[in-house]
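Colleague: Spelled out from the first residue to the last, the chains are:
There are 2 protein chains.
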Amino acid sequence: MEKRIYNFSAGPAILPEEVLKESQENLMALPDVGMSILEISHRSKTFDNIFHQTKEDVKTLLDIDDNYSILFLQGGASLQFSMVPMNIMPPKNKADYIVTGAWAKKAVKEAKRVGDVNIAATTEETTFNRIPKQNELKLCGDASYLHFTSNNTIYGTQYQTEPEVGDVTLVCDASSDIFHKKIDVNKYGIIYAGAQKNMGPSGVTMVIYRNDLLERSSDDLPTMLNYKTHVEKDSMFNTPNTFGIYIIGLVAKWLLNMGGLDKMYETNKHKAGILYDCIDNSNGFYKGHAEKDSRSLMNVTFNLPAEELEKKLIAEALNAGFNGLKGHRSVGGLRASIYNAFPTKGVEDLVEFMKEFQSKNS
Amino acid sequence: MEKRIYNFSAGPAILPEEVLKESQENLMALPDVGMSILEISHRSKTFDNIFHQTKEDVKTLLDIDDNYSILFLQGGASLQFSMVPMNIMPPKNKADYIVTGAWAKKAVKEAKRVGDVNIAATTEETTFNRIPKQNELKLCGDASYLHFTSNNTIYGTQYQTEPEVGDVTLVCDASSDIFHKKIDVNKYGIIYAGAQKNMGPSGVTMVIYRNDLLERSSDDLPTMLNYKTHVEKDSMFNTPNTFGIYIIGLVAKWLLNMGGLDKMYETNKHKAGILYDCIDNSNGFYKGHAEKDSRSLMNVTFNLPAEELEKKLIAEALNAGFNGLKGHRSVGGLRASIYNAFPTKGVEDLVEFMKEFQSKNS
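First to last, the protein sequences are chains A and B.
One point on numbering: in this note's numbering, the residue at position 320 of the first sequence is 320, and numbering is uninterrupted.
For this note's numbering, count along the second sequence from 1 and bump the result up by 1000.
Hint data in this document are derived by calculation from the structure and do not stem from the laboratory.
We put the beta carbon where it would ideally sit given N, CA and C, even for glycine.
Between beta-carbon pairs, the in silico distance windows are:
1. B:1187 <-> A:126: 51 to 59 angstroms
2. A:234 <-> B:1022: 27 to 35 angstroms
3. A:311 <-> B:1234: 25 to 33 angstroms
4. A:311 <-> B:1046: 14 to 22 angstroms
Below, a list of computed lysine-lysine pairs in the DSS-like style, where the Cα atoms sit at most 27 angstroms apart:
5. B:1326 <-> A:45
6. A:133 <-> A:269
7. A:326 <-> B:1045
8. A:233 <-> B:1112
9. A:105 <-> B:1233
10. A:109 <-> B:1233
11. B:1105 <-> A:233
Between the sequences and the hints, there should be enough to build the whole structure, so can you do that?
Modeller: Below, the structure written as structure tokens:
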């Protein structure tokens, strides 16, 4: 087998080795089927079983009630940026958006094509280094929904708990932290997530959709952009990304086998804690980008005293088998993406490497 | 290894065994990369090489000039049903559609949301058992484009050559026969194809797009539905289906290695010929659904003298290792989908089985 290295990529990102192994073993032919998962009809009995088991396991992981549909769509979060306002901004055609990063801004851009967007809060002036506090929110008062991004990969910030918005429908882009802990889905109208960070390969988007919202969707919408199509056809109006759903199913099973999302959350807190401790105990050599109470468990962003040192660390780390540590160009510095599948050992090894680098270069 | 059976599924459908083998070998980690294709960033050097090589190989296979873009999008042909009219029906807001099946009808439905649709021809009254002849076409005269479906999986019909439409932009849904032979791409404005029949796994759509059409796309369109977005960002506005593109790349390489599309076409004609000969020489026991000059090389549809016999054959065939022969409910009977990757040996074995079945049951 090819040697595997530590993959800190922000997305598409690391998957559990057990998931890769099982899909590899069965890639020529699923057991007792004689055909590859890549070759079977989305309407076959075999795929139907995979599809329904995946939905059941997702429901179990997040304790989702039957008044929600679990959809597997295409087009990434970026297509949801349009589908959400096109479907549920009517009839009031107003929505609140909290802007905590580049993806939220893109969501706003698409929403403005449909109706009035109220920016309930933004932290852009401090390079999105924090999540707005509850008392900073300026809701417009009659919004069809409020949209927020639960985790911001580029800046390394994350909501610790949902914003409180009273009766307003809560919509969340959870692309980069879905499944990192259990959340109370009942608080939400729509949760959507591109799979490629914490759930599976790219090319499939999971949407958790509260069914009463369907009444807002006009029949005039393009069929593929209408949630009604996908809820009524159970994601099978046309051929979904069957392989992507299969992998999400394996990841869900992996999460259940390891004890579920409360257990995952404990591991994630421990894992990120190791890295943040290293940063906080470095006497300022490593400096976190995000404010402490906004820190992400998924993406740890930090800088060094000089850009030259950052380049040096990234290059030396790559040689040592730590891949993908370069920060996003809009923040600079470093970013360690340590999603669910990233092993604790990898963080421990990185911290050891960082301490050694500091002692050699300060 | 799991035993593989003969897979006649209409789509998702059989892939070349060499492609499955190579992707299986490298699923834990690409050579010299240490990470799976499922885990690497779409902006990484590794994926960038795969992506560009795939585009180059597609261009080579179909002799595509540089005034065309090769896009890899999501949402299947069904999303193209909307994107095509939203982008290129303006400014005249009229289009011609040839209706040769269920998919063409769905395309018409979405186009009607945008502007006036002229049905240039339809063969619905004979259950789409043929392709309309050139002299049957009633073009509206000032259409922005004419849309047709090159191969109709459900009915087993296929265009032998493109409809002639003068200066009108030709748009083709080639989902079920792309790459089955070389076509003259220069005759087309847009060719689109869901990958899951003749090219790869589900969840990725290839669009061959003539760049001068971009001037028709309004900036008011949702960003993800605007071809301008995808041409300008080279399919990387957001994360594409990286695994799907990788498999398409392997399939393209497989086609080039076997001698290209002229060679593939010879094989396809030979392969389908074996099955059609069996039907034509069965003294009416097997009866083709499609008229002879409209027959598809990809999907061979036929009936038996009685529905009971059809059920019996399908059941016995399944036991003998021939999977997926049941026809679509709207036509009934049987359908053998024998795309590029389907081995000639499998058709020979099926024909032997069919002859034996006939001698036992007539």
